Amino acid sequence: MIKKVIEDKIALTDNQKSLLLKIDFSDTFSTTNHINNIEEITNLVFNTTPRWVNSLFTIRNKVAGIFGLKTEVPNDYNEHFKIGGYVKFFKIFSISDNEVVLGADDSHLNFRALVKNDKSDSFNIKVITLVEYNNFKGKIYMGIIKPFHRQIVKRMVKNAYKEK
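Counting from 19, one number per residue, gives the positions in the sequence shown under this note's numbering.
Rather than coming from a laboratory, the hints here were simulated on the basis of the structure. Since the model is a prediction, treat every value here as computed from it, not as a measurement. Possibly wrong hints are sitting among the right ones.
[What the hints assert, rightly or not] In silico BS3-like links for lysine-lysine, alpha-carbon gap of 30 Å or less:
no., residue 1, residue 2
1, Lys35, Lys157
2, Lys180, Lys100
3, Lys106, Lys21
4, Lys106, Lys164
5, Lys109, Lys180
6, Lys155, Lys109
7, Lys27, Lys100
8, Lys109, Lys176
9, Lys109, Lys172
10, Lys40, Lys172
11, Lys27, Lys180
12, Lys155, Lys106
13, Lys164, Lys109
14, Lys27, Lys164
15, Lys109, Lys22
16, Lys137, Lys27
17, Lys109, Lys40
18, Lys144, Lys21
19, Lys176, Lys164
20, Lys164, Lys40
21, Lys180, Lys22
22, Lys106, Lys172
23, Lys100, Lys35
24, Lys21, Lys172
25, Lys40, Lys106
26, Lys22, Lys144
27, Lys172, Lys100
28, Lys137, Lys172
Start from the sequences and build out the full structure, keeping to the hints where you can.
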């Protein structure tokens, strides 16, 4: 059986480290895709979520609202694939030929999701999550969602897998 997604251990570049003031959590999941461009890959990862993932996000938003975390659509929301646009509910911070940086900032934590094509022969697509805790609430929140995060991201990254 061909592995479509792996959890990767990569060293973050100085540029990646500078996306947040500090990095309290990070992980990377990788897949193979030499067919699509970075915009198409980003959309495959974030816009083709299965029903069970959408259900978990709905539950997350209901619980998050109770704790005063952001759940509403931002005033500047738009679906244009450009800096300042959004993919799902993740704002686009930067775009290059080989990397897209998305994320969100909230009272409890800030995070960035990087979709990167490192052009290697296999597992060339890296989806890197970076999280900065803003307070104890962020640390608690991440502790609760971490097991779900790993399963959700792994499943989302699998959507971008394409054989040659």
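Against the structure, the hints:
1. Lys35 / Lys157: 19 Å, holds
2. Lys180 / Lys100: The hint holds at about 24 Å.
3. Lys106 / Lys21: Roughly 27 Å between the alpha carbons, so the hint for Lys106 and Lys21 holds.
4. Lys106 / Lys164: 20 Å, holds
5. Lys109 / Lys180: At roughly 25 Å apart (the allowed maximum being 30 Å), Lys180 and Lys109 satisfy the hint.
6. Lys155 / Lys109: 22 Å, holds
7. Lys27 / Lys100: 29 Å, holds
8. Lys109 / Lys176: It holds: about 22 Å lies between the C-alpha atoms, which stays within 30 Å.
9. Lys109 / Lys172: Given that 30 Å is the threshold and the Cα spacing comes to 20 Å, the pair holds.
10. Lys40 / Lys172: Cα-Cα ~24 Å, so holds.
11. Lys27 / Lys180: 22 Å, holds
12. Lys155 / Lys106: Holds, at roughly 24 Å.
13. Lys164 / Lys109: 21 Å, holds
14. Lys27 / Lys164: 17 Å, holds
15. Lys109 / Lys22: 27 Å, holds
16. Lys137 / Lys27: 17 Å, holds
17. Lys109 / Lys40: 19 Å, holds
18. Lys144 / Lys21: It holds: about 15 Å lies between the C-alpha atoms, which stays within 30 Å.
19. Lys176 / Lys164: Given that 30 Å is the threshold and the Cα spacing comes to 18 Å, the pair holds.
20. Lys164 / Lys40: 18 Å, holds
21. Lys180 / Lys22: Since the Cα atoms of Lys180 and Lys22 sit roughly 9 Å apart, the hinted pair holds (cutoff 30 Å).
22. Lys106 / Lys172: This hinted pair holds, its Cα atoms lying about 17 Å apart.
23. Lys100 / Lys35: Holds: Lys100 and Lys35 sit about 22 Å apart, inside 30 Å.
24. Lys21 / Lys172: 12 Å, holds
25. Lys40 / Lys106: Satisfied, since the Cα-Cα distance of roughly 25 Å is no more than 30 Å.
26. Lys22 / Lys144: Status holds; Cα separation ~12 Å.
27. Lys172 / Lys100: Satisfied, since the Cα-Cα distance of roughly 25 Å is no more than 30 Å.
28. Lys137 / Lys172: 20 Å, holds
In summary, the structure agrees with every hint in the numbered list given earlier.
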